[in-house]
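> Each chain, written out:
There are 2 protein chains.
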Amino acid sequence: MQKVYLAGPDVFLPDALEIGRRKKELCARYGFEGLFPFDNEINPSAATERPDNLIYRANERMIRRADLGICNLTPFRGPSADAGTVFELGMMVGLAKRVFGYTNDVDNFLVRTKRHTAVNFDAATNVCRDANAMSVEDFGNADNLMIDNALIEHGGYQIVRYAAAPDRIFQDLTGFEACLRLAAEAVSKSA
Amino acid sequence: MQKVYLAGPDVFLPDALEIGRRKKELCARYGFEGLFPFDNEINPSAATERPDNLIYRANERMIRRADLGICNLTPFRGPSADAGTVFELGMMVGLAKRVFGYTNDVDNFLVRTKRHTAVNFDAATNVCRDANAMSVEDFGNADNLMIDNALIEHGGYQIVRYAAAPDRIFQDLTGFEACLRLAAEAVSKSA
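Chains A and B are the protein sequences, given in the same order.
Here the working numbering is used: the first residue of the first sequence is 7, the next is one more, and so on.
Here the working numbering is used: the first residue of the second sequence is 7, the next is one more, and so on.
Just so you know, these hints were derived from the structure itself, not from any lab.
Note that the coordinates shown come from a computational prediction; the quantities given were computed from them, not determined experimentally.
Treat the hints loosely; a few may be bogus.
Same chains, same label: a pair holds when it works inside one copy or across any pair of copies.
What the hints assert, rightly or not - Taking lysine to any residue and the SDA-like style, the derived pairs with C-alpha atoms no more than 25 Å apart in a straight line are:
{"hint": "1", "residue 1": "Lys120", "residue 2": "His160"}
{"hint": "2", "residue 1": "Lys195", "residue 2": "Leu74"}
{"hint": "3", "residue 1": "Lys195", "residue 2": "Arg167"}
{"hint": "4", "residue 1": "Lys30", "residue 2": "Asn138"}
{"hint": "5", "residue 1": "Lys120", "residue 2": "Ala139"}
{"hint": "6", "residue 1": "Lys9", "residue 2": "Lys195"}
{"hint": "7", "residue 1": "Lys9", "residue 2": "Asp173"}
{"hint": "8", "residue 1": "Lys120", "residue 2": "Asp21"}
{"hint": "9", "residue 1": "Lys9", "residue 2": "Leu101"}
{"hint": "10", "residue 1": "Lys195", "residue 2": "Asp128"}
{"hint": "11", "residue 1": "Lys9", "residue 2": "Leu19"}
{"hint": "12", "residue 1": "Lys30", "residue 2": "Thr131"}
{"hint": "13", "residue 1": "Lys120", "residue 2": "Arg56"}
{"hint": "14", "residue 1": "Lys120", "residue 2": "Pro20"}
{"hint": "15", "residue 1": "Lys9", "residue 2": "Ala129"}
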């Protein structure tokens with residue numbers, strides 16, 4: 007049975023364990039074993055061991071064991087996905103795992119960015135810029151181009167965008183299940 | 007000569023080419039060849055080729071060619087580093103490259119997060135939470151634990167924190183040069 011690493015900011019939810027349980031149940035329904043980072047047992051055995059370092063190492067080991075990844079790339083405290091999730095997406099790509107991703111926010115990156123900061127069009131360079139004069143990508147992607155294109159190049163599908171209810175933005179699993187369907191299809195094709 | 011991939015939101019600056027030139031000059035001074043993503047020539051040859059996809063593929067090729075990476079992890083439009091940079095850091099870790107990183111903001115992640123969103127202490131679970139009830143890490147790291155610990159595990163050093171002047175937050179190269187010094191030391195030790 008292929009193992010799917012379940013990357014996402016879900017681990018920060020008060021009911022993270024319940025979300026993890028539901029995600030693993032859905033994985034099983036599609037023939038996968040779900041690996042949820044919260045399942046890592048962290049037992050600092052020495053006073054010198056930092057809990058965050060133990061969590062990092064446990065997550066990295068779990069990612070290496072996985073065959074593929076499904077990433078919750080819903081915007082997190084800004085226009086982009088959670089930094090930890092994005093790091094894990096990159097690591098899975100480097101390790102040649104197949105990756106899928108979803109976002110519970112359907113907006114393009116430029117629109118998302120405008121929700122968080124002032125953006126002005128700079129006629130001299132023909133791009134939009136924020137208050138720090140940093141250009142804002144306008145390719146119609148959901149996030150930074152590295153994220154959207156990593157999914158296309160290393161998963162075969164665009165990011166799944168689903169318009170979740172605002173109060174279910176971090177709980178809704180419709181986009182997650184759509185990724186499972188794509189992953190099951192991909193696995194059956196390559197079998 | 008070892009090649010260093012220069013990851014960072016520097017590519018979004020109006021003077022990105024000049025910053026890239028200065029970074030590569032500093033690399034040469036420490037015995038490295040700097041690879042700056044902006045140097046990738048993007049020439050869409052067919053109407054069907056998307057420029058963002060060509061940029062992704064060129065960056066991925068450049069990362070694979072590199073021996074190590076130095077990442078500008080200064081907070082970008084939120085409490086965390088630029089998503090594209092974080093993705094590239096993850097990819098380099100997956101590819102077993104040695105990674106170094108700096109931030110021009112010395113604050114801890116909890117303080118950074120409080121600058122962007124309301125954070126309250128949740129006595130029931132003994133953690134700080136944002137308005138979405140998502141917990142905020144409080145390990146004393148600069149960013150999400152995956153980022154700080156990836157640098158320790160795969161570079162050997164903590165993230166370099168430098169208090170740049172607020173109007174030079176994306177231009178100051180003091181932290182970058184500190185990373186070059188660490189990288190040169192690391193390479194000379196393993197030679």
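> Hint by hint, say whether it matches the structure.
Now for the hints, and whether the structure bears them out:
no., hint, result
1, Lys120 x His160, "neither (29 Å within a copy, 35 Å between copies)"
2, Lys195 x Leu74, "within (15 Å within a copy, 36 Å between copies)"
3, Lys195 x Arg167, "within (23 Å within a copy, 47 Å between copies)"
4, Lys30 x Asn138, "between (42 Å within a copy, 23 Å between copies)"
5, Lys120 x Ala139, "both (14 Å within a copy, 24 Å between copies)"
6, Lys9 x Lys195, "within (17 Å within a copy, 38 Å between copies)"
7, Lys9 x Asp173, "neither (30 Å within a copy, 47 Å between copies)"
8, Lys120 x Asp21, "between (31 Å within a copy, 22 Å between copies)"
9, Lys9 x Leu101, "both (14 Å within a copy, 20 Å between copies)"
10, Lys195 x Asp128, "neither (46 Å within a copy, 47 Å between copies)"
11, Lys9 x Leu19, "within (23 Å within a copy, 40 Å between copies)"
12, Lys30 x Thr131, "between (48 Å within a copy, 24 Å between copies)"
13, Lys120 x Arg56, "between (38 Å within a copy, 23 Å between copies)"
14, Lys120 x Pro20, "between (29 Å within a copy, 19 Å between copies)"
15, Lys9 x Ala129, "neither (49 Å within a copy, 36 Å between copies)"
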